[in-house]
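Here is what each chain is made of, one letter per residue.
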Amino acid sequence: MSESVPGPAPEVFAPHQAPVSPPQASEEVEFVQLLTPEGERVEHPDYSFDLDDEAIKGFYRDMVLVRRIDAEATALQRQGELGLWASLLGQEAAQIGSGRALNKKDMVFPTYREHGVAFCQGVNPLNLLGLFRGVDQGAWDPKDNNFHLYTIVIGAQTLHATGYAMGQQRDHAVGDPDNGEATIAYFGDGASSQGDVNEAFIWASVFNAPVVFFCQNNQWAISEPIDRQTRIPLYQRAAGFGFPGVRVDGNDVLATYAVTQQALKRAREGSGPTLIEAYTYRMGAHTTSDDPTKYRLNEDLEHWKLKDPIERVHAYLTRLVGLDQDFFDEVDAEADKVAAELRAGCLALPDPVLTDFFQNVYVDETPQLAEQREQFAAYAASFEGEG
Amino acid sequence: MTKITLGKAINAGLRASMEKDPKVLVMGEDIGKLGGVFRVTEGLQKDFGEDRVIDTPLAESGIIGTAVGLALRGYRPVCEIQFDGFVFPAYDQIINQVAKMHYRSMGKIRMPVVIRIPYGGGIGAVEHHSESPETLFAHVPGLKVISCGDPVDAYWMIQQAIESDDPVVFFEPKRRYHEKAELDESVPPALPLHKAKVVREGTDATLLCYGPMVKTCLQAAEAAVEDGRNLEVVDLRTIAPFDLATIFASVRKTRRAVVVHEAPYSFGPGSEIAARVTEECFYHLEAPVLRVTGYDTPYPPSRMEDDYLPDLDRVLDGVDRVMGY
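Going line by line, the protein sequences match chains A and B. Quick note on numbering: the working numbering labels position 212 of the first sequence as 343, and the sequence is numbered without any gaps. Quick note on numbering: the working numbering labels position 227 of the second sequence as 217, and the sequence is numbered without any gaps.
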């Protein structure tokens, strides 16, 4: 009897190994870019920037002002004038580019970091500080500037945006790419893991709602890197929900504008939702309460500094448009003025009246609450005259 | 005048609201073609179209979250949560968004959203289909919480809830959907939304109840006549806020009170009533306020629910105890 010839080794099933290695979410895979970090205009087959250099000068001004407002708010927090601040540092292009693509009738649903979009919508920056100073909870009227209140609970606003967009459909405000209405929902990479965001994708898809999902992937959800939220690039998720997704260089204000404008047009004309992943980087801490040195490397920060959203526009305007220093000095002077006004306004914000916190719990106040308010007022009054 | 079931009365109320106000929308799972698993929305989609009677994807947070957006746009959404135990995925949207929007906007934003929840046990259902979570909503500032106990109230209260500029969680006693009563739609509602009503006058003790327990308490009060006891029964109708004036007036008259609800004993609506009655009617009371309720367990398998739920005998036992002081 001959010895049996050993066959090939059986295949070892290794469940810990993914069969195919998908593209990593943090990889800088191809995105839409129209202005390089060096300030050079480049072409893209699907997107073009169709405004003139005056508009680009305007974007530059917007970004500088917003960065200055943001820095002033951070300083106010450091000096104890704000309880907290969530900085947008590094995300100026994503916010200004998308914000400037909006039409007057479009509606915005922000998180709590969209100071740049608020600026584009004409919200007084001082109004943004109330929430962080603790004098109110963000009490601007969303109807004044089509800019909803900041939403702190991660991702909840994406459903509000989708519902609002369903209202636009029911009001027959959709169907015209220029005069129609659209809604834009801002959220971050961390929010993409929330059930609400995924439910919003489903709703928007099956109802073909005129909503643009604008995800600023700034790579960090406090301390958790994007790889903890996803194994594929976020924009690719849209395909699974049945609508287009696109990744744009979120530090390129021209590309962000062009991509958002196209998505908004699509929504307004009735072609449904789009997911935009603006690939950017949170240059600062999550908020002033955070310490990013505990979880990320300085060299990453240095790498992203080279892609700064403002520097590349500065380079373009200097080298290719030939603007002289006067323009930049004027913008800087205006930024300083805006910051000084913000500081003065913040310090002058009136403290709320003691019984204010009882107000507006209901449209029709309950007798129970009225009783508590009166009891509290009487209790507080009992100290009057005491040293 | 026709006899109408409680379920059909809500249907008629929804229809009346939708006819009156084009901004009223109805949304939820299976509410369109099917008319809801309890048929409460039957026929509405056929008559008002798919834009106003919206079959939603199966995600409760999505239902309430998109309703918030629709309300921001000027609509008055009426959301159906299919069963009591399924509301919790929507809890964040209800508690953090719906309830607080008016407050955080300093009154600039209103949330006229109605959340209908068929609730309570006694129908032999599988788990998560028989719960009474009203306390979990009544405890939240900004929400109003109500429950109807008879078809006439069902017809009017759903319309009043839709007209409310505050968000309302409307608990429908699902085991009473088929109870019938005479409804004359031309007679205006006897009470505004947040008033309780004395459904049986009595002198010896007050039974305070709402929703499915109203019928149980009325039956108990009839049975108690044999024991020579004349019980007053108050249908609370509104849980947040309670109509304390009506509660206090009744307890001051009878000097004894038993609160009856299906929800668990501890931290239930009965706890709040006991506290408030003690504060305000202390010198009128002949006995502490007692509670006949579900127990502090998860809702049990349905073969045991008859023992878990307050019934006529347990209510009478409560009456015996409160009379024993």
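Bear in mind the hints are in silico, worked out from the structure with no lab data behind them. Fair warning: there could be bad hints in the mix.
Said to hold, decoys possible - In silico lysine-lysine, BS3-like type, Cα no more than 25 Å apart, as pairs:
(1) A:K236 x A:K436
(2) A:K188 x A:K396
(3) A:K236 x B:K185
(4) B:K185 x B:K90
(5) A:K188 x A:K436
(6) B:K(-7) x A:K236
(7) A:K235 x B:K13
(8) B:K185 x A:K274
(9) B:K187 x A:K274
(10) A:K235 x B:K98
(11) B:K10 x B:K36
(12) B:K187 x B:K(-7)
(13) B:K98 x A:K274
Since we're looking at a predicted model, the values are computed, not measured.
Here is how each hint holds up against the structure:
1. Our distance criterion of 25 Å between C-alpha atoms is broken by K236 of chain A and K436 of chain A, whose separation comes to about 35 Å.
2. Using a Cα cut-off of 25 Å, the hinted pair K188 of chain A and K396 of chain A holds, with the two alpha carbons roughly 24 Å apart.
3. Taken as a hint, the K236 of chain A and K185 of chain B pair is broken in the structure, with Cα atoms around 42 Å apart against an allowance of 25 Å.
4. With a C-alpha separation of about 24 Å, the suggested pairing of K185 of chain B with K90 of chain B holds against the 25 Å cut-off.
5. Taking the CA atoms of K188 of chain A and K436 of chain A, the gap is near 21 Å; set against the 25 Å cutoff, the hint holds.
6. Distance restraint check for K(-7) of chain B and K236 of chain A: the Cα-Cα separation of roughly 50 Å exceeds the 25 Å cut-off, and the hinted pair is therefore not satisfied.
7. For the hint linking K235 of chain A to K13 of chain B, the alpha-carbon distance of about 24 Å falls within 25 Å, and the restraint holds.
8. Restraint check: the Cα-Cα separation between K185 of chain B and K274 of chain A comes to about 34 Å, which exceeds 25 Å; the hinted pair is violated.
9. For a cut-off of 25 Å, the pair hint linking K187 of chain B to K274 of chain A is broken: about 41 Å separates their Cα positions.
10. Between the alpha carbons of K235 of chain A and K98 of chain B the distance comes to roughly 20 Å, so the proposed pair stays at or under 25 Å and holds.
11. Pair hint K10 of chain B plus K36 of chain B holds up; C-alpha atoms about 17 Å apart against a cutoff of 25 Å.
12. As the CA atoms of K187 of chain B and K(-7) of chain B are separated by approximately 21 Å, the hinted pair is consistent with the 25 Å bound.
13. The straight-line distance between the Cα atoms of K98 of chain B and K274 of chain A is roughly 9 Å, inside the 25 Å bound, and the hint therefore holds.
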